[in-house]
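Novice: What follows is the residue order along each chain.
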Amino acid sequence: MLFNSLHFLVFLPVVFLLYWQLASKKLQYQHLLLLAAGYYFYGCWDPRFLLLLFFSTALDYFSGKQIAAAATKTSKRTWLWISIGINVGFLGFFKYYNFFIESFATLLGSWSLHTDPWLLNIILPVGISFYTFHGLSYVLDIYHERIQPTTNFLQYAVFISFFPLLVAGPIERANHLLPQLSTTQQFNTAKMKDGLRQILWGFFKKIVIADSCAAYVNMAFNDPAAFNGSSLALAVFFFAMQIYGDFSGYSDIAIGTARLFGFDVKKNFAYPYFSRDIAEFWRRWHISLSTWFRDYVYIPLGGSRGSRWLSIRNIFIIFLLSGFWHGANVTFIIWGGLHAVYFLPLFLFNTNRQHMHIVAEGKAWPGIKDAAKILITFLLVCFAWIFFRANNLQEAGVFIQQMFSASLFEMPDRSMLPLSVFVMIGLFLLIEWKGRQHLYAIEKMCLQYTIYIRWAWYYAILAAIIYFSGQGQSFIYFQF
Amino acid sequence: MKKLLSKILLFLLPLLIIVATAELLLRQMPNEYKLKKNLLEKHAQSTELLCLGSSHSYYNINPVYFNIPAFNAAHSSQTLNYDWFLLRKYHDSFINLRYILLPISYQSLFEKLDDAAESWRIKNYKLYYNIHENNYLPYNFEVLSMAPRFNISRLVNYYCRQQYSPGVNELGYATSYQSTVKNDLEKMGREAAARNYFKNNNHFKENLGYLQKIINWATERKIQVILFTSPAVESYRQNRDTNQVNQSYKVIEQLVKNNPLVSYHNFIDSPDFTADDFYDGDHLNEIGAKKFTFTLNDLIKK
Chain F
1 MLFNSLHFLV FLPVVFLLYW QLASKKLQYQ HLLLLAAGYY FYGCWDPRFL LLLFFSTALD
61 YFSGKQIAAA ATKTSKRTWL WISIGINVGF LGFFKYYNFF IESFATLLGS WSLHTDPWLL
121 NIILPVGISF YTFHGLSYVL DIYHERIQPT TNFLQYAVFI SFFPLLVAGP IERANHLLPQ
181 LSTTQQFNTA KMKDGLRQIL WGFFKKIVIA DSCAAYVNMA FNDPAAFNGS SLALAVFFFA
241 MQIYGDFSGY SDIAIGTARL FGFDVKKNFA YPYFSRDIAE FWRRWHISLS TWFRDYVYIP
301 LGGSRGSRWL SIRNIFIIFL LSGFWHGANV TFIIWGGLHA VYFLPLFLFN TNRQHMHIVA
361 EGKAWPGIKD AAKILITFLL VCFAWIFFRA NNLQEAGVFI QQMFSASLFE MPDRSMLPLS
421 VFVMIGLFLL IEWKGRQHLY AIEKMCLQYT IYIRWAWYYA ILAAIIYFSG QGQSFIYFQF
Chain R
481 MKKLLSKILL FLLPLLIIVA TAELLLRQMP NEYKLKKNLL EKHAQSTELL CLGSSHSYYN
541 INPVYFNIPA FNAAHSSQTL NYDWFLLRKY HDSFINLRYI LLPISYQSLF EKLDDAAESW
601 RIKNYKLYYN IHENNYLPYN FEVLSMAPRF NISRLVNYYC RQQYSPGVNE LGYATSYQST
661 VKNDLEKMGR EAAARNYFKN NNHFKENLGY LQKIINWATE RKIQVILFTS PAVESYRQNR
721 DTNQVNQSYK VIEQLVKNNP LVSYHNFIDS PDFTADDFYD GDHLNEIGAK KFTFTLNDLI
781 KK
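Respectively, the protein sequence lines represent chains F and R. With our numbering as the guide, the letters of the first sequence map in order to residues 1 to 480. With our numbering as the guide, the letters of the second sequence map in order to residues 481 to 782.
Any given hint could be a false lead.
Unchecked claim - Derived pair list, reagent style DSS-like, types lysine-lysine, alpha-carbon separation capped at 30 Å:
no., chain 1, residue 1, chain 2, residue 2
1, F, K373, F, K26
2, R, K730, R, K592
3, R, K487, F, K444
4, F, K25, R, K592
5, R, K592, F, K267
6, F, K373, F, K363
7, F, K266, R, K693
8, F, K267, R, K483
9, R, K487, F, K434
10, R, K483, F, K26
11, R, K487, F, K193
12, F, K191, F, K76
13, R, K483, F, K266
14, R, K730, R, K702
15, R, K693, R, K514
16, R, K685, R, K770
17, F, K193, F, K444
18, R, K730, F, K266
The hints are simulated quantities; they were obtained by calculation from the structure and are not laboratory data.
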């Protein structure tokens with residue numbers, strides 16, 4: 001069930017009304033309803049994987065209890081590795097089996113040892129990367145004694161299957177969401193309105209920005225030879241807008257929906273394209289994933305506490321893992337590796353924590369220096385996006401070669417100059433800039449005006465969403 | 481919560497009114513399906529030759545040039561299942577029917593409208609022909625079947641600019657593909673071949689089933705079924721996938737062999753058709769359609 005579907009448009013109000021009308025008095029009823037909603041939501045994608053979701057939930061709940069109850073460190077570690085092993089095992093099998101088998105076959109082929117790779121027709125369970133990481137964060141936090149295991153299986157099951165976050169995050173932490181689940185949620189009108197506003201903005205990003213850019217991106221990446229360098233450069237820009245609009249839009253819808261049920265979910269994006277360096281970019285892009293890798297992989301590996309070489313090793317591991325998490329393709333690993341290369345100089349010169357606050361805080365516009373930094377960071381990120389978007393290394397190579405040819409300085413192809421899309425992107429970036437100090441761009445916009453002006457503003461956003469809808473693009477991050 | 485819900489409903493009320501009005505206005509607009517449905521019902525009883533099929537019938541056969549009463553009941557992207565549904569719906573009305581003309585094109589046995597890029601056309605069958613084989617709820621509404629900006633464009637063009645041409649003659653032939661328009665036939669032929677290529681044959685068996693149903697229905701009534709492949713430009717012919725072509729030919733061969741009232745005629749590389757006869761890579765203009773109809777007419781006379 002997609003967020004931008006009629007099915008969800010019916011599903012959400014029904015669950016919302018049942019939640020606040022029937023379940024508002026008793027915590028258990030709220031949990032049962034959310035659990036049913038979560039399993040129904042997931043089952044709409046593929047009912048065959050409901051068992052996997054349940055198994056993963058039960059495994060981590062049970063492992064968490066065992067870890068907490070274990071008398072010795074060795075027993076704790078054993079239970080931890082059982083949980084990690086099985087969870088990552090499932091993830092590895094569904095997501096990476098064919099990749100490894102094909103890579104192994106290619107390696108054998110390079111040694112003139114030919115074999116028919118035993119490939120399987122594996123369907124990737126939607127959201128497995130996300131709910132697996134939810135569960136792993138729970139057992140890891142118990143192991144590191146940051147939290148106590150919950151004794152309420154229903155509560156834990158709701159934490160894992162909470163439908164707004166289930167298929168594409170944000171990756172929530174047990175120590176943030178579980179305490180909220182242990183209290184009966186009270187209806188809060190201001191929170192509801194805020195949630196609705198964030199959902200509206202999320203749909204704008206997804207439908208008006210991301211889906212509009214998708215057609216041009218697909219055109220260029222499907223046949224780069226048919227376009228000149230400047231057109232391909234434009235396509236990369238469109239992809240940067242598409243992936244940001246798509247993923248941050250989804251996150252906004254998820255967070256806003258969670259708020260409708262009284263829950264606060266951590267933000268996942270904080271205006272990453274206004275970053276002044278790559279370190280800042282990674283503090284603002286897919287925050288839930290980057291912090292997950294930081295807390296559960298980078299820091300346990302030693303972080304930056306050890307020698308320089310150890311720190312560099314850890315940085316590369318994190319970025320390569322981030323790339324690999326996205327999918328079983330060398331291009332994602334290259335993408336992660338590129339970001340490691342971008343990050344390294346900042347780390348080596350100790351400038352990776354230079355920009356901790358939003359750019360031009362309290363000012364209307366950035367200075368020239370900051371503007372230049374933003375542009376350079378954006379260009380570096382865009383270059384890496386080529387690998388992220390390309391289907392394979394060869395395609396990426398062809399794309400880059402064509403883009404950086406002499407035709408980069410020609411006028412772009414007319415088919416890549418859609419005026420309406422440029423206008424929308426321009427307005428979008430302006431609104432994002434104006435609202436950069438808030439959780440989401442329109443959080444505080446027009447609140448100081450009368451209801452008529454506020455509603456006119458919401459109608460304008462809604463009109464744009466309706467006008468640009470029907471382009472039929474699914475969310476990019478559902479494939480992860 | 482009641483106050484918030486009331487505010488939400490109040491906020492959405494103008495939108496709901498606009499949507500309802502748009503739905504009403506869209507349904508009031510003339511369209512090709514509404515028009516052809518009325519024409520079909522008008523001519524069904526007198527029709528001796530019925531053309532079914534996709535745009536390869538719709539734009540390529542002008543029943544005006546047949547010697548016997550004929551009607552073109554084809555539509556763009558109409559796949560075999562909808563050919564059968566139309567025939568089944570009006571089967572009682574075709575009391576004088578003697579021939580069915582049905583194109584078997586490169587994609588006919590592989591494509592199904594319900595999964596195609598133009599699946600939105602199903603709403604026309606539901607709303608105007610009253611054929612409800614597909615249960616997807618949005619197809620019961622004009623506003624939900626197509627992207628809003630297309631519907632807005634339709635409304636503006638019709639109600640504000642008074643721009644609408646039915647594009648269909650009295651006997652159901654599409655009149656919009658005119659010889660005055662000069663398209664890049666070579667490029668469009670390649671594109672059409674690519675567009676009509678199907679990697680898998682998920683619908684093959686099902687389509688064969690519908691084709692057999694049409695043949696069985698016709699055989700029971702001693703109606704001849706004339707299968708044909710209409711002319712196309714060289715770039716279209718050259719860029720078709722050989723496997724897909726051969727699978728279709730194999731099936732047609734069997735059908736003709738097993739059904740005495742079924743015949744097949746392949747005009748795809750007929751030398752009688754030149755560049756002047758084509759509108760695009762796989763459709764004829766009005767000159768080509770006239771020529772092709774005369775060809776089919778001679779075939780029927782024989």
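Novice: Taking the hints in turn, state whether each one holds.
Specialist: Against the structure, the hints:
1. K373(F) to K26(F): 52 Å, violated
2. K730(R) to K592(R): 20 Å, holds
3. K487(R) to K444(F): 19 Å, holds
4. K25(F) to K592(R): It is violated: about 50 Å lies between the C-alpha atoms, which goes past 30 Å.
5. K592(R) to K267(F): 43 Å, violated
6. K373(F) to K363(F): 17 Å, holds
7. K266(F) to K693(R): Given pair K266(F), K693(R) is violated - Cα atoms ~58 Å apart, limit 30 Å.
8. K267(F) to K483(R): 28 Å, holds
9. K487(R) to K434(F): 27 Å, holds
10. K483(R) to K26(F): Measuring from Cα to Cα gives roughly 22 Å; hence the hint holds.
11. K487(R) to K193(F): 10 Å, holds
12. K191(F) to K76(F): Measuring from Cα to Cα gives roughly 40 Å; hence the hint is violated.
13. K483(R) to K266(F): 28 Å, holds
14. K730(R) to K702(R): 24 Å, holds
15. K693(R) to K514(R): 26 Å, holds
16. K685(R) to K770(R): Distance ~34 Å between K685(R) and K770(R) Cα, so the pair is violated.
17. K193(F) to K444(F): 12 Å, holds
18. K730(R) to K266(F): Violated, at roughly 60 Å.
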